[in-house]
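Given the coordinates of chain A, work out where chain B should sit on it, guided by the hints.
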Amino acid sequence: AQSVTQLDSQVPVFEEAPVELRCNYSSSVSVYLFWYVQYPNQGLQLLLKYLSGSTLVKGINGFEAEFNKSQTSFHLRKPSVHISDTAEYFCAVSDWGTGGFKTIFGAGTRLFVKA
Amino acid sequence: DTAVSQTPKYLVTQMGNDKSIKCEQNLGHDTMYWYKQDSKKFLKIMFSYNNKELIINETVPNRFSPKSPDKAHLNLHINSLELGDSAVYFCASSHSRGTSGGVKETQYFGPGTRLLVL
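Listed in order, the protein sequences are those of chains A and B. Under the numbering used here, the first residue of the first sequence is numbered 1, with each subsequent residue one higher. Under the numbering used here, the first residue of the second sequence is numbered 1, with each subsequent residue one higher.
Honestly, the hints are just simulated from the structure, not real lab data. For clarity, every value in this text was computed on a predicted model and none was experimentally measured. You may find that some hints are simply not true.
Below are the DSS-like pairs computed for lysine-lysine, each with C-alpha atoms no more than 30 Å apart in a straight line [claimed, not checked]: (1) A:K69 x B:K67; (2) A:K58 x B:K67; (3) B:K52 x A:K102; (4) A:K114 x B:K67; (5) A:K49 x B:K41; (6) A:K102 x B:K67; (7) B:K19 x A:K49; (8) A:K114 x B:K22; (9) B:K40 x A:K114; (10) A:K49 x B:K52; (11) A:K69 x B:K19.
Reference listing, derived: stretches of chain A covered by chain B, where coverage requires no fewer than 3 residues with Cβ under 8 Å from a Cβ of chain B [stated by the list, open to error]: (12) 42-54; (13) 105-114.
The beta-carbon is built from N, C-alpha and C at its ideal position, and this holds for glycine as well.
Same shape as in the complex, but just chain A (with noise of 0.2 Å):
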């Protein structure tokens, strides 16, 4: 069965500081990566995927995240933060099951960017 840890709840970071927001996932078969941002009351939004290739993924806003298969993560990162940055991000994995495709969410990471 798939699972999703965002190990940080919470990450606060000054503005134009680095960030790196955490996912590990576990699946039994071939999985697709997802991270999205909600910015308050709003839907998602999504950032970035992996389906396969490049191992590393650019996305939207200056994010990028690294997939690596032998740690079974799916880091989130940006150089340099901005205060409108501050929002939900969510790590998410999908695969194809019994029960047509399927995606299943972590918990959430809020990221405060303070001036």
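Frame of chain A; chain B shown alone:
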């Protein structure tokens, strides 16, 4: 042009009532989903429909009944509302796996419906 829209945005009601939430997507997707996000922001899938057929039902109480009149719509009807149903409900849509086996799975989410049961 909103890709995935939900109505209403806010819904406040009393225990025991029956309510519906509507979802529409104009992306030409063939798969639609309902998710529930609780007060701790935990997001869990409830249902998934592909071409109007139910393909995922995640042990949701049978008070919840999704209905898909066509590929562009997936409505959620809730009977006998309970306090624990208070949450944000998100609709999403995506393409299913293509005939070539390629994955097109990026889900697009609606803005959410904030349900409060008093």
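Going through the hints against the structure:
1. Under the criterion of a C-alpha separation no larger than 30 Å, the hint pairing K69 of chain A with K67 of chain B is inconsistent with the structure, at around 39 Å.
2. Taking the CA atoms of K58 of chain A and K67 of chain B, the gap is about 37 Å. The hint is violated against a cut of 30 Å.
3. Taken as a hint, the K52 of chain B and K102 of chain A pair is honoured in the structure, with Cα atoms around 17 Å apart against an allowance of 30 Å.
4. Taking the CA atoms of K114 of chain A and K67 of chain B, the gap is near 44 Å; set against the 30 Å cutoff, the hint is violated.
5. Under the criterion of a C-alpha separation no larger than 30 Å, the hint pairing K49 of chain A with K41 of chain B is consistent with the structure, at around 21 Å.
6. The hinted pair formed by K102 of chain A and K67 of chain B meets the criterion: a straight-line CA distance of about 19 Å does not exceed 30 Å.
7. With a C-alpha separation of about 35 Å, the suggested pairing of K19 of chain B with K49 of chain A is violated against the 30 Å cut-off.
8. The hinted pair formed by K114 of chain A and K22 of chain B fails the criterion: a straight-line CA distance of about 38 Å is larger than 30 Å.
9. Annotation: proposed proximity of K40 of chain B to K114 of chain A holds, straight-line Cα distance about 22 Å (limit 30 Å).
10. Taken as a hint, the K49 of chain A and K52 of chain B pair is honoured in the structure, with Cα atoms around 26 Å apart against an allowance of 30 Å.
11. The suggested pairing of K69 of chain A with K19 of chain B is violated, with an alpha-carbon distance near 44 Å, which exceeds 30 Å.
12. Note: the segment 42-54 of chain A has 7 residues with beta-carbon separation from chain B under 8 Å; the three-residue rule is met and the coverage holds.
13. Residue count for the segment 105-114 of chain A with a Cβ under 8 Å from a Cβ of chain B: 4. That meets the three needed, and the coverage hint holds.
Hint violations for this structure: numbers 1, 2, 4, 7, 8, 11, all remaining hints satisfied.
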